[in-house]
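Asks: So the sequence lines, in the order shown, correspond to chains A and B.
Oh and the first sequence: position 171 is 170 in numbering that gives the first Met the number 0, straight run, nothing missing.
Oh and the second sequence: position 360 is 359 in numbering that gives the first Met the number 0, straight run, nothing missing.
Since the hints were derived computationally from the structure, they do not count as laboratory data.
Please note that a few of the clues may not be correct.
Since copy identity is lost for identical chains, a pair holds within one copy or between any two.
As the list claims (entries may be wrong) - Simulated pairs of lysine-lysine, DSS-like, Cα-Cα distance not exceeding 25 angstroms:
id	residue 1	residue 2
1	Lys264	Lys287
2	Lys17	Lys281
3	Lys383	Lys335
4	Lys174	Lys335
5	Lys281	Lys266
6	Lys266	Lys25
7	Lys320	Lys27
8	Lys35	Lys264
9	Lys235	Lys35
10	Lys287	Lys17
11	Lys25	Lys235
12	Lys235	Lys383
13	Lys235	Lys264
14	Lys3	Lys320
15	Lys320	Lys35
16	Lys25	Lys247
17	Lys88	Lys35
18	Lys90	Lys366
19	Lys287	Lys25
20	Lys287	Lys27
21	Lys25	Lys320
22	Lys174	Lys84
23	Lys266	Lys287
24	Lys281	Lys27
25	Lys335	Lys88
Protein chains: 2
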Amino acid sequence: MDKKIINIGLFGFGTVGKGLFDVLQKIKPDNVNIVKVCVRNVEKHVPEAPELEFTNNADDIFNDERINFIVELIDDAEAAYDIVKRALKAKLPVVSGNKKMLARHMNEMIQLQRDNDTALLYDASACGSIPVIRNLEEYYDNDLLISVKGILNGSSNFILSKIFNEGMNYAEALKLAQDLGFAESDPTLDIGGWDSLFKLIIITIHAFGVYVQPEDIFTFGIGNMNEHDIQFANEKRRRVKLVGWAEKVGEDGLVLSVMPHLLSKQKYIYSVEDEFNGVVIKGLFYYKQFMFGQGAGGFPTGSAVLSDITAQLYDYRYQYKKLQSPHQLQFTNDYKVRIYYRYDTPATLNLLNFSTIHESYYSDTYKYVVGDIELSQLQAQADKLRESDVFICIYPED
Amino acid sequence: MDKKIINIGLFGFGTVGKGLFDVLQKIKPDNVNIVKVCVRNVEKHVPEAPELEFTNNADDIFNDERINFIVELIDDAEAAYDIVKRALKAKLPVVSGNKKMLARHMNEMIQLQRDNDTALLYDASACGSIPVIRNLEEYYDNDLLISVKGILNGSSNFILSKIFNEGMNYAEALKLAQDLGFAESDPTLDIGGWDSLFKLIIITIHAFGVYVQPEDIFTFGIGNMNEHDIQFANEKRRRVKLVGWAEKVGEDGLVLSVMPHLLSKQKYIYSVEDEFNGVVIKGLFYYKQFMFGQGAGGFPTGSAVLSDITAQLYDYRYQYKKLQSPHQLQFTNDYKVRIYYRYDTPATLNLLNFSTIHESYYSDTYKYVVGDIELSQLQAQADKLRESDVFICIYPED
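All chains should be built: construct the whole structure from the sequences, respecting the hints.
Replies: Shown next as structure tokens:
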């Protein structure tokens, strides 16, 4: 391997950007440097790393001739889009951490990489410190995958762990997650399942070679879960986990969803606790593989970003092989799932047309059904369901 | 990626070789073919795959101009050594599944790769279907690793699972493992810990950049475990697992061992059951990562071998970066461990000089101590311990 030097222009200095800096300070590699950092508020960040050069002008990065690598770790998806696009067009290799931007613009990002013969890597974005994408790209490339199921969001999983293991209520658990820095002050992205959704979309491209728009995938978070739901899960000796799920169905169908699942102890992801992430990959040859690791925090994520960066030292690129496969799967919501549905009024019950009801309970304060329903129905009513006082969980029989 | 065609000369057509053939039959890739297979007994294998060309003469493989890739999947370590060496010298890329050969000749194998500018890959050899080596090479290359602990042998783990989950006795469990094809008719390699040892040596090279000879590492299997040991574990609510363990100690020390461990439920590898393998990687930045998957069987291992083969399509090679690191760890057995030691006579108790005894039990039929002892002492008495009717388990306090 020739001795390349990676000179980074870094965008963003939040938890992950600062984490990358801290990791570099610890291991002091002789071939990776941060040359300049672009942030919105220079004054705020200078004291955190006085040895770094900060700017609030993206041009200062792109016009710096020393810089041969862009790392984008900012929150704003639209700004991230502009930065990554500009970098790729300038034929600079890029590492991006912005899941929302990647999930939304993946087709264009793949095209930009091809047109400009340069690499965009984002393993760190998809599952914190678990190298899911690279393993799907390189190691499971020959297997015929059946499903990928994962706990993809550390913050919401932390909250669920505190509720189910330590008996906290939802508000206490959310507050603790925020105090510990595992949840944003606006937790909608995590709690509502959106962060998991973006990751699922990215993973699905590499696992199944199918790109699906976020709007088309049924997404329901844990924000509506109440004490009745928790009690229901406990009585059934299950735990609620927020699960991103992609599965081949029938001859060439592919279903995707982000929803709470009522998981029994036999499931691997039942035991994924706190801010950890875990992914179960099922394939025809491998049966089951399970990968598990920290999904949040400056060090794990900063270090995962560094792995994406140093992959450039040996010219690593995603190949997107499965997108070109002649046997393309077709995304569909025509698939029946068994759910637990807690509702508040007859009107919210009537939002959904169950094909079978297995269980039904009714009282003044708590009403639910367990029944079979098409994912397409849930998706058609998604906005109304999210606005109502209802809770939905996949409730598998096993 | 240019359209390379891999034309394989295959050595061996046992479970893994046949598994590779079956996987290729299923996915029918257009760039990977088996051209010819060298086996000891041609007549035996022809009916299993009439479409393949078999030979019992290695020269028929090496003189076949169509063949541009060697896959070695035979049991005999010395023959494997000759084949792999000859292939590398002929500048052919090689995939090898022979852990024993690799563990014993790793230095020479690395040198042969360099001298002949060709690749030797062996991820499939180290942990069945879990891509441990590639992840250590590519993804954890920047992390400062603390430890790698794993269940590396599917056969012995299958036996332990049947004993601890289904109450079988040792003989029944071994028989079942043999009937199901998870254990060899001579199970010494699996049960005695030697298979795990070879894998641990290979993993340690990629995890810590240190190569240690098999003879220098304390290795003790599960063959001596009796009903008292099983009862002891059950009473303490622990399970016995055969664990390969590498850990950085002190400033620059590295300890290695293959031994049974008495694991409590909190440990990730406690839950690795049946023929599965599981590895926990601890690093300074990532905290803990856990990878888990099938460790035996034709399909999973055949598919893992195919992943090693297709890695050649993008010229993948192990870099052995950590072997060249300026901060080399030193292998040592000067490290105290807490063990459960069941012995039969005062003479076998006196084989070991415990620095502290935490617990001691004595009856006519069952005698044990729990105490602290240097690994170097265990290693000094290793042959005698293996020949005596004693059982040894790491017994951590937590």
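Asks: What hint numbers does the structure not satisfy?
Replies: Those not satisfied are hints 4, 6, 8, 9, 11, 12, 15, 18, 22 and 25.
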